[in-house]
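2 protein chains.
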Amino acid sequence: MKHRVVVVGAGFAGLQAVKDLKGANCQITLIDQRNHHLFQPLLYQVATTLLATSEIAWPIRRVLRNRSDVTTLLATVSGVDVALREVVIDDDRRIPFDTLIVASGARHAYFGNDRWEIDAPGLKTLEDATTIRRRLLLAFERAELTEDEAEREAQLTFAVIGAGPTGVELVGIIAELAQRVLPDEFRRIDTRKARIMLIEAGPRILPAFPEKLSTYAAATLATRGVDVRTGLPVTSVSAKGITLGEQPIAARTVIWAAGVQASPAARWLGAPADRAGRVLAGPQLTVPGDDAIFVLGDTAHVESKGAPVPGIAPAAKQQGKHAARVIRARLAGRAEPPPFRYSHMGNLATIGRNAAVIDFNGFTLKGRLAWWIWGIAHIYFLIGTRSRLAVALSWLWSFVSGHNSARLITQKETLRKLD
Amino acid sequence: MKHRVVVVGAGFAGLQAVKDLKGANCQITLIDQRNHHLFQPLLYQVATTLLATSEIAWPIRRVLRNRSDVTTLLATVSGVDVALREVVIDDDRRIPFDTLIVASGARHAYFGNDRWEIDAPGLKTLEDATTIRRRLLLAFERAELTEDEAEREAQLTFAVIGAGPTGVELVGIIAELAQRVLPDEFRRIDTRKARIMLIEAGPRILPAFPEKLSTYAAATLATRGVDVRTGLPVTSVSAKGITLGEQPIAARTVIWAAGVQASPAARWLGAPADRAGRVLAGPQLTVPGDDAIFVLGDTAHVESKGAPVPGIAPAAKQQGKHAARVIRARLAGRAEPPPFRYSHMGNLATIGRNAAVIDFNGFTLKGRLAWWIWGIAHIYFLIGTRSRLAVALSWLWSFVSGHNSARLITQKETLRKLD
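Chains X and U are the protein sequences, given in the same order.
Numbered by our numbering, the letters in the first sequence go through residues 1 to 419 in order.
Numbered by our numbering, the letters in the second sequence go through residues 1 to 419 in order.
Same shape as in the complex, but just chain X:
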């Protein structure tokens, strides 16, 4: 019987591992609770009406249609029976494995305030993105509809909590929506008066970037009408708004971009984890004491050259590659490759039209050129010609016409009542 590899999660890490196991003569089962692989680095553009959902997500089985060695299952993992070497999915069905790769990702972390999630959704899935898009657009609609001045102001106040790349990118596009895309479509409100807040508890935005790029980003956002607030934590979130330190701010749209929490992989595996719930991975990315179980990507705490590896797509892909290399070596009876070493390519973030920051290991770039490089790099990393064409068309259209093409409000707002 062929060696059975079960991969949980078809994100960047899991999908890369599956790809790199091509021809390794094993029987692979890939399990994900979604039917699509998602290009998360552009998810914020779906949330902010620039891209459509179908442009950054691909059916997993379509990506792997030529891989007869891979069976894809749409199922939710409820646990792992480490002793019996089985993954447990819906209805207590069991999928046996010889080697297991757990790359099940992360969700937002609310640092003990999980009830904030309803009013301050994070951005990890397509549903998250359409929820945020719906709230953004509904806020403008409700502002247009209301006769109450205070309510109008609250509807036109948008608060993004957390100023890493995602937070910065979100406010950048929201500002463009309010300043450039929407003004001539409303009759009773001036969308340019919308208040867009970027809130960071730490001392500066984009903390992972060199300080001069943080300063540039903050200044650029300020000239585009974003109210950047650093140094004060959000102390409460409700349907009405937030409290910043001691100050209550009425904001009907709040987005959470502040932290992530790993999937329950540590619990499934009974393995030690760090504070964010990430399983502590060994030098070959396996669980300590169990060489046949790999943990990759956002669900793993991986160290390289003495520092933790960041939770970004290139790092996840490198880990997927490494796991596949280790498995192939073992199956071929060769010596295992040397321990995983993370190669950092750099940090990128857009700030809005014609503005981005790039830090390539100390070589920094900002402004228009950085923005174009950012765009070309992201087009390149998309899967398939169809998506590249579609995203390029959407971006070009938005750039030339000043209109965003994905501005539908769909699904009802069922989670919360606003007033």
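Among the hints, a few may not be true.
Identical copies look the same in the list; a pair holds intra-copy or inter-copy alike.
Said to hold, decoys possible - Okay, derived cross-link-like pairs now, EDC-like style, lysine to aspartate or glutamate, Cα gap no bigger than 20 Å in a straight line:
hint: 1; residue 1: K22; residue 2: D98
hint: 2; residue 1: K19; residue 2: D184
hint: 3; residue 1: K212; residue 2: E141
hint: 4; residue 1: K305; residue 2: D274
hint: 5; residue 1: K412; residue 2: D91
hint: 6; residue 1: K22; residue 2: D184
hint: 7; residue 1: K321; residue 2: E151
hint: 8; residue 1: K321; residue 2: D69
hint: 9; residue 1: K193; residue 2: D114
hint: 10; residue 1: K305; residue 2: D290
hint: 11; residue 1: K412; residue 2: E303
hint: 12; residue 1: K412; residue 2: D128
hint: 13; residue 1: K412; residue 2: D90
hint: 14; residue 1: K412; residue 2: E117
hint: 15; residue 1: K412; residue 2: E127
It should be emphasised that the hints constitute simulated quantities derived from the structure, not laboratory data.
Got chain X; can you put chain U on it based on the hints?
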């Protein structure tokens, strides 16, 4: 003060009326419960993974951004106060009018079996389309996952009830999905064995077309693996399947394309209606006894040359045009135009790749040429260059590559429990 026109519904009829009132020196309020105008003739392609939602829907306020005389409100109409000349929206707010146009469309009709809707959704809104798409794709996923042979067969049985153009177009693409798009992506099931049923209680499919086109369509569908059943009504629908006459058929995916029911406009207006709930419109498309209230499109029963006008997009547009013409004549103090006359351009329906039927008032066409004409006509009627490019790209891609680009399963299945 300017003449106040309130338009309820931004479908084909309402939007056309607003467009044709350009420069008429009135103050227009357009109310819709959605933020988008929807190109319903292609909605079935969203339901069947060929097109993305954003390709056939446009934000209403974007379409009307240059019309400073139009205020668009995203709101739900709860009634009309005919005596006070006010439309009542959410929260009992009132929008006064001098002239009212009600073009609020229709929903599916289940002929007294409203509880069937949960298990046999119809196709009127984008949410309907994504619900049907989710169920279609989940059925294949569940068939791949299950170990139970009977369950697998039920998951791979798809029943479309009603064989007008929508029903025929739906089964045409579902058959293509099963036969051409999906087979190489599944490992445990053969999607080509899926059973796709088109069910019509009447004696033939496409009853509005000449009989020879019905015969051609039925024969074409049969060669593509569709099980066409005419002459027997569906007598029950549940989560498990349907009963056709006396025969129970296990089918986990059931789609309703059998009938429509007008919006509650007749109740709002206290006006007489036909059996489908459509307000009986007079020769100028106004409510009998109230010249200032127009009823248009699917929400109206309009007669022309002694026959009822069909519920299709060109008819709705012509009615919108006529209403605007009457209003302009009145405002200018001119004589009103002659009563509304419907000009029938023809009936079109696709049956799948390279096959369509067209009936231009007796001149009929079928097959490949009809299919191309159908496609070009629909591209032409889309709004805006962006949509035309996007839809053309999606169609071209699907035609050339054999893959459909909108195959995401999003949102949870919350309405019903399957087992």
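query: Is it within, between, both, or neither for K412 and D90, if the alpha carbons may be no more than 20 Å apart?
result: Classified as between; 15 Å across copies, 28 Å inside a copy.
message: Please sort K212 with E141 into within, between, both or neither, judging by C-alpha distance up to 20 Å.
response: neither (38 Å within a copy, 50 Å between copies)
Homo-oligomer pair classification [E117, K412; C-alpha up to 20 Å]: both (17 Å within a copy, 18 Å between copies)
field: Copy assignment of K305 with D290, given that the CA separation must stay at most 20 Å
entry: neither (23 Å within a copy, 81 Å between copies)
- request: Evaluate K412 and D128 at a C-alpha cut-off of 20 Å and name the case that applies: within, between, both or neither.
  value: Classified as both: same-chain Cα gap 14 Å, cross-chain 12 Å, threshold 20 Å.
message: Within, between, both or neither: how does the pair K321, E151 come out at a Cα-Cα threshold of 20 Å?
response: Classified as neither: same-chain Cα gap 52 Å, cross-chain 38 Å, threshold 20 Å.
- prompt: How would you classify K19 and D184 at a CA-CA limit of 20 Å: within, between, both, or neither?
  reply: between (48 Å within a copy, 17 Å between copies)
query: Taking 20 Å as the upper bound on the Cα-Cα distance, should K412 and E127 be classified as within, between, both, or neither?
result: Both ways: K412 and E127 sit 12 Å apart in one copy and 9 Å across, limit 20 Å.
message: If the cut is 20 Å between Cα atoms, do K412 and E303 qualify within a copy, between copies, both or neither?
response: neither (43 Å within a copy, 36 Å between copies)
field: K305 and D274: within-copy, between-copy, both or neither at 20 Å Cα
entry: within (18 Å within a copy, 77 Å between copies)
- request: Can you give me the call for K321 and D69, within, between, both or neither, at a CA distance of at most 20 Å?
  value: within (18 Å within a copy, 59 Å between copies)
message: If the cut is 20 Å between Cα atoms, do K412 and D91 qualify within a copy, between copies, both or neither?
response: between (30 Å within a copy, 17 Å between copies)
In terms of the numbered hints stated before, the structure departs from hints 3, 7, 9, 10 and 11, listed from lowest to highest.
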